[in-house]
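Counting from 17, one number per residue, gives the positions in the sequence shown under the numbering used here.
Read the hints as simulated data drawn from the structure, not as lab findings. Some clues are possibly wrong.
[As the list claims (entries may be wrong)] Within a straight-line C-alpha distance of at most 20 Å, the following computed SDA-like cross-link-like pairs (lysine to any residue) qualify:
1) Lys96 with Asn48
2) Lys61 with Val80
3) Lys89 with Ala23
4) Lys25 with Arg73
5) Lys111 with Tyr35
6) Lys96 with Ala33
7) Lys100 with Ile84
8) Lys110 with Ile63
9) Lys96 with Thr106
10) Lys89 with Lys116
11) Lys96 with His49
12) Lys113 with Arg73
13) Lys116 with Lys61
14) Lys110 with Ile32
15) Lys61 with Ile32
16) Lys100 with Ala31
17) Lys96 with Ile32
18) Lys100 with Lys119
19) Lys113 with Lys25
20) Lys61 with Glu83
21) Lys116 with Ser62
22) Lys96 with Ser24
23) Lys111 with His49
24) Lys113 with Val80
25) Lys61 with Lys89
26) Lys113 with Lys61
27) Lys111 with Arg73
28) Lys25 with Ser62
29) Lys89 with Asp99
30) Lys100 with Glu118
31) Lys61 with Lys110
32) Lys113 with Glu41
[To be verified] Here are the computed distance ranges between Cβ atoms for each label pair:
33) Lys110 with Ile63: 31 to 39 Å
34) Asp30 with Gly82: 30 to 38 Å
35) Gly82 with Ser62: 27 to 35 Å
36) Ser24 with Arg120: 14 to 22 Å
37) Ser92 with Arg20: 19 to 27 Å
38) Arg20 with Arg120: 27 to 35 Å
39) Ser62 with Arg20: 15 to 23 Å
40) Lys45 with Arg120: 33 to 41 Å
Source: prediction; values computed, not measured. Ideal Cβ positions, reconstructed from N, Cα and C, are used throughout, including at glycine.
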Amino acid sequence: MQVRIKASKIKLTDAIANYINEKLEMVEKYLNHVKVLNCDFEIEKSIGSQHKGDIFRAEINLQVPGEILRVEKTESDLYKAIDKVKDHLTEVVKKYKEKKIEKRRV
17 MQVRIKASKI KLTDAIANYI NEKLEMVEKY LNHVKVLNCD FEIEKSIGSQ HKGDIFRAEI
77 NLQVPGEILR VEKTESDLYK AIDKVKDHLT EVVKKYKEKK IEKRRV
């Protein structure tokens with residue numbers, strides 16, 4: 017799966033890019049026999065309020081036939097945000113596949 021990574025207000029290091037690719041490989045096993053047209057992964061650092069500090073946002077847009085699966089999570093730690101968005105995407109992909117299988121049975 018080809019992944020385009022965009023970073024806003026944060027420097028995209030090799031370590032971050034490798035971490036993202038590693039997490040998406042875990043999701044990819046659920047996508048067997050599903051043609052992924054595009055996969056965009058965006059990370060962003062935004063300044064929270066005075067007491068919250070930095071806030072990191074991770075977003076994935078996964079374009080599959082007939083749909084765009086979109087997941088977004090925010091967290092105080094970049095790696096936690098990436099983990100949460102990966103976990104949520106896994107659930108969304110499972111539901112998408114179940115829906116496709118159900119349509120075939122009918």
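How the hints compare with the structure:
At most 20 Å may separate the alpha-carbon atoms for a hinted pair to count; Lys96 and Asn48 exceed this at roughly 26 Å. For the hint linking Lys61 to Val80, the alpha-carbon distance of about 27 Å lies beyond 20 Å, and the restraint is violated. Taking the CA atoms of Lys89 and Ala23, the gap is about 15 Å. The hint holds against a cut of 20 Å. With a CA separation close to 11 Å, the supplied pair Lys25 and Arg73 stays within the 20 Å bound.
For the given pair, Lys111 sits about 25 Å from Tyr35 by alpha-carbon distance, which is inconsistent with the 20 Å threshold. Under the criterion of a C-alpha separation no larger than 20 Å, the hint pairing Lys96 with Ala33 is consistent with the structure, at around 14 Å. Between the alpha carbons of Lys100 and Ile84 the distance comes to roughly 19 Å, so the proposed pair stays at or under 20 Å and holds. Using a Cα cut-off of 20 Å, the hinted pair Lys110 and Ile63 is violated, with the two alpha carbons roughly 33 Å apart.
Under the criterion of a C-alpha separation no larger than 20 Å, the hint pairing Lys96 with Thr106 is consistent with the structure, at around 15 Å. Between Lys89 and Lys116, the direct Cα distance comes to roughly 26 Å. Violation of the 20 Å bound is thereby established for this hinted pair. Restraint check for Lys96 and His49: the C-alpha separation of about 29 Å exceeds 20 Å, so the hint is violated. For the given pair, Lys113 sits about 26 Å from Arg73 by alpha-carbon distance, which is inconsistent with the 20 Å threshold.
Of the pairs offered as hints, the one joining Lys116 and Lys61 is violated, with about 36 Å between alpha carbons and a cut-off of 20 Å exceeded. Taking the CA atoms of Lys110 and Ile32, the gap is about 25 Å. The hint is violated against a cut of 20 Å. Proposed proximity of Lys61 and Ile32 is supported: the alpha carbons are some 13 Å apart, at most 20 Å. Pair hint Lys100 plus Ala31 holds up; C-alpha atoms about 18 Å apart against a cutoff of 20 Å.
Proposed proximity of Lys96 and Ile32 is supported: the alpha carbons are some 12 Å apart, at most 20 Å. With a CA separation close to 29 Å, the supplied pair Lys100 and Lys119 exceeds the 20 Å bound. Among the hinted pairs, Lys113 with Lys25 is inconsistent with the structure: their alpha-carbon atoms are about 35 Å apart, more than 20 Å. For the suggested pair Lys61 and Glu83, the alpha carbons sit about 28 Å apart, so the restraint of at most 20 Å is broken.
With a C-alpha separation of about 37 Å, the suggested pair Lys116 and Ser62 falls outside the 20 Å cut-off, and the hint is violated. Of the supplied pair hints, the one linking Lys96 and Ser24 holds, its CA atoms being roughly 17 Å apart against a limit of 20 Å. This hinted pair checks out: Lys111 and His49 have alpha carbons roughly 15 Å apart, not beyond 20 Å. The suggested pairing of Lys113 with Val80 holds, with an alpha-carbon distance near 11 Å, which does not exceed 20 Å.
Pair hint Lys61 plus Lys89 holds up; C-alpha atoms about 12 Å apart against a cutoff of 20 Å. Under the criterion of a C-alpha separation no larger than 20 Å, the hint pairing Lys113 with Lys61 is inconsistent with the structure, at around 32 Å. Our distance criterion of 20 Å between C-alpha atoms is broken by Lys111 and Arg73, whose separation comes to about 23 Å. Between Lys25 and Ser62 the alpha-carbon distance is near 7 Å, which keeps this suggested pair within the 20 Å criterion.
Simply put, Lys89 and Asp99 have alpha-carbon atoms about 9 Å apart, close enough for the 20 Å limit, and the pair holds. Using a Cα cut-off of 20 Å, the hinted pair Lys100 and Glu118 is violated, with the two alpha carbons roughly 27 Å apart. Taking the CA atoms of Lys61 and Lys110, the gap is about 29 Å. The hint is violated against a cut of 20 Å. Using a Cα cut-off of 20 Å, the hinted pair Lys113 and Glu41 holds, with the two alpha carbons roughly 17 Å apart.
In this structure the hint that Lys110 and Ile63 lie 31 to 39 Å apart at CB holds, the actual value being about 35 Å. The beta-carbon spacing between Asp30 and Gly82, approximately 35 Å, falls within the hinted interval of 30 to 38 Å. Roughly 32 Å separates the CB atoms of Gly82 and Ser62, a value that falls within the hinted 27 to 35 Å. Between Ser24 and Arg120 the beta carbons are some 40 Å apart, a value that contradicts the proposed interval 14 to 22 Å.
For Ser92 and Arg20, the hinted distance range of 19 to 27 Å is satisfied, since their beta carbons lie about 25 Å from each other. For Arg20 and Arg120, the Cβ-Cβ distance of about 30 Å falls inside the hinted range of 27 to 35 Å, so the restraint holds. Between Ser62 and Arg20, the C-beta spacing of about 21 Å keeps the proposed range 15 to 23 Å intact. A hinted range of 33 to 41 Å for the beta carbons of Lys45 and Arg120 is inconsistent with their spacing of about 20 Å.
Violated hints for the displayed structure, listed by number in ascending order: 1, 2, 5, 8, 10, 11, 12, 13, 14, 18, 19, 20, 21, 26, 27, 30, 31, 36 and 40.
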